[in-house]
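S.K.: Chains as they are written, first to last, in the numbering used here: chain A, 375 to 646; chain B, 739 to 982; chain C, 832 to 1056.
The hints are simulated quantities; they were obtained by calculation from the structure and are not laboratory data.
Each residue gets a CB set at the ideal place from its N, CA and C atoms; glycine is no exception.
With a straight-line cut-off of 25 Å between C-alpha atoms, the simulated SDA-like cross-links for lysine to any residue are:
id, chain 1, residue 1, chain 2, residue 2
1, B, Lys880, C, Val1044
2, B, Lys904, C, Ile1036
3, B, Lys880, B, Leu894
4, B, Lys781, B, Ser831
5, A, Lys484, C, Leu1052
6, A, Lys546, C, Ala844
7, A, Lys484, A, Asp440
8, A, Lys484, A, Arg472
9, A, Lys484, B, Gln879
10, B, Lys880, C, Arg910
11, A, Lys484, B, Arg811
12, B, Lys880, C, Glu1051
13, B, Lys880, A, Thr468
14, B, Lys781, B, Gly841
15, A, Lys484, A, Ser416
16, B, Lys904, C, Val968
17, B, Lys904, C, Asp1039
18, B, Lys880, C, Met1000
19, A, Lys484, C, Trp1047
20, B, Lys904, C, Gly1028
21, B, Lys904, C, Ser1030
22, B, Lys921, B, Phe757
23, B, Lys880, A, Arg483
24, B, Lys781, B, Phe759
25, A, Lys484, B, Leu809
26, B, Lys904, C, Leu1032
Not close to chain B: a few residues of chain C, all C-beta gaps over 12 Å, as computed:
id, residue
27, Pro922
28, Val938
29, Asp958
30, Pro1026
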Amino acid sequence: MTGQLRIQTDEAGGDAREVRQRVPGAPSPLRLAPQVEAAACSPAVRSLGVHKVIDDRPVLRDLTFDLAPGSYAALLGANGAGKTTLLRMLSTLTLPSRGRIEIFGRCTRKQGALIRAGIGLIGHQSMLYRDLSALENLLFFGRLHDIPEPGVRAMDLLEFVGLVDRANDPVKTFSRGMVQRVSIARALLHEPRLLLADEPFAGLDAPSVAAVERLLEQLNTEGMAVLLANHDVRQSLRLARTVLVLRRGRLVLDCPAGQLSAEDVLGEIDKR
Amino acid sequence: MNSTAINLIPRVYWTLTAFLFAAVGAMVIFWTPREATMGDVQKIFYVHLPLAIHTFLACFVVFVASVMYVLQRRLWWDDLAGAAAKVAVLFASLVLLTGMVWGRSAWGHWWTWSPRLTFSLILWLLYVVYLMIRPSIESPQKRAMISAVYGVIAFLDVPLVYLSTKLLPDIHPESISLAPPMKMTLLAWFVPMTLLAAGLLIARFRLNRRRSVLERGAEEDLEDDRTEDAAYAGPHLTPAGEIA
Amino acid sequence: MNRAIRHIALLTAKDLRIEARGRQTIGLVTVLAILIVVVLALGLAPAPGASGLTATAILWVAYLFGGVLIFEKTMAVERYDEALAGLLLAPIDRGAIFAAKLIANLVLMFTLALVVTPVAVVLFQFDLSASPGGFVVVMMLSMIGYAAIGTLFAALTSSTRLAGGLLAMLVFPVTLTIILASTRVLYNLFEHQQPVGGSGLAILIAFDVIFLVASWLVFELVLEA
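Using the sequences and the hints, build the whole thing.
M.R.: Below you can see the structure in the form of structure tokens.
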């Protein structure tokens, strides 16, 4: 199993380039939606005084920050600091109790449907149907998103994440790492401009972590904004260019990753 | 001084209500004529009808509060709906009991599947279920949402239940012609009964409110920055999220 | 409109495909329903030629419990691995999610009825020959209303720990109306040879319309959160 993963891991980057040459005219997995340039002036994410209360408990308090288009940000914090809730709010699955969130200049309260067409979410859970095959899952979600030629797109993405040979196997037979890669493919189906990833490395073995890291990096190089919720501080500092730290629902740190040491960040996360 | 005056209000209210109940009770016993065919048991009717009407009103309050909760997602509405449901079940139980006593003397059975009795029973069941499911759902927001949807559906169901029980063979009195003292007494009974229903509703609502504020610093606490950290009692993320 | 229908077809096909692959729900539910019929058959020691009224009462018990299990299972498919979040992230109307789930549930319920009804007819020696068509129409109308309510509450309760028992508690009292109305219509049909119609049928149709619309509206609001 590990050997197989490694092979695909090493080829992941090459595959994507290959695909573009192999299928002339077909949309590349990494092609970005044409609106990117048009919306380039508005930030990918703008959060203004956002509060979130769940079950009468304040989970997020007064979050104000911007993320530029094409940025790569890591969202750090202890368990329960509010990372997942923030990502769910950014993806319009839930609305802020107070304050305002804009994704590429659109308010999540009013323009949820438009925003959803421009973001991809990788959650704790795979958001896949375990009884369906990887290809069936991608075809299904692709058709829901009304993408042209979902079959071609699905195969391209499976190639991109290195799972073409398992395309017709049910997702429930996959290892955690493989499920995670299908999940990433699912999030990329509709060519989002912002990718929200909630602990995408959780439960993965080392080769899979490397594969997912590489996928995210590659997507970001191609111009996709990435917001990565993570708990591994060193890994985050290595991957991301911006670091956001949440502590008990408050944003306590928002600065470029280059200026920080892991100890600084850990100190901020744990501070009483 | 001011606060003692406010503390006195419930006491005065309940004393007045009790006094009025005694008064209308006396009216029934000493003033209203004995009904020819039914005898004294007919007098249960003065209690029965106001109870039944207030049951509907309480169910209606549940419905309105439920709709408002679905639209606004404020636990205030859920506390109100819960309080109204308690009143509805209490009153519906009394309606059932008085109806059964009446039926026992009219038809000789505690229970017959007559339309009205069946209707009362189903109505009672609908709202007993409402009360019973609430404690079994832990998350206050999920509890409020499930209760609210149920509160809406149950109320929409009430007229349908009424119509469908009409399909059963009927032996319930359709309309009773009332002598003037009977009418007066019936109207008089509505006064303390309304006071009772409103008093219970308000008392219950205030209790619910206090409880939800105490148990977990309520929404309003967020406005006050100083209480924020006190209200935050550790991580509390719902893994399944709030999609439902 | 076309788009909505395409989405509904897509979603329904997905549910039925998952069911066809595992056949977990329908197998489980059918066996449960047959068990219920057998338990009642043994308990009641049926007299030959039991009336249509007994038939519907017994079938209703089987349908009710089978239905709850179906609603719960088809919604669990969405909760497992949070696939529902994937649906909510797609640019589709939430009403389409409800409609598709309802259709899938109805297909499964009709399949269940198709198996269980003949079993009950044989075990109890029911005589449905007076009006088999009327029986089918009444039962189908009843199931539509029941499935609408069940689909709505299944979506609500599936995220709580105690989904199953809670769902039955929520759905049964509301459904008493349909049971009362449908059994009265069938009673008149089989005992008094009255044709299907009148206020009983009107109540069933009213129930279907009211709760289809209400469930659809509420479902949308509830999933919006």
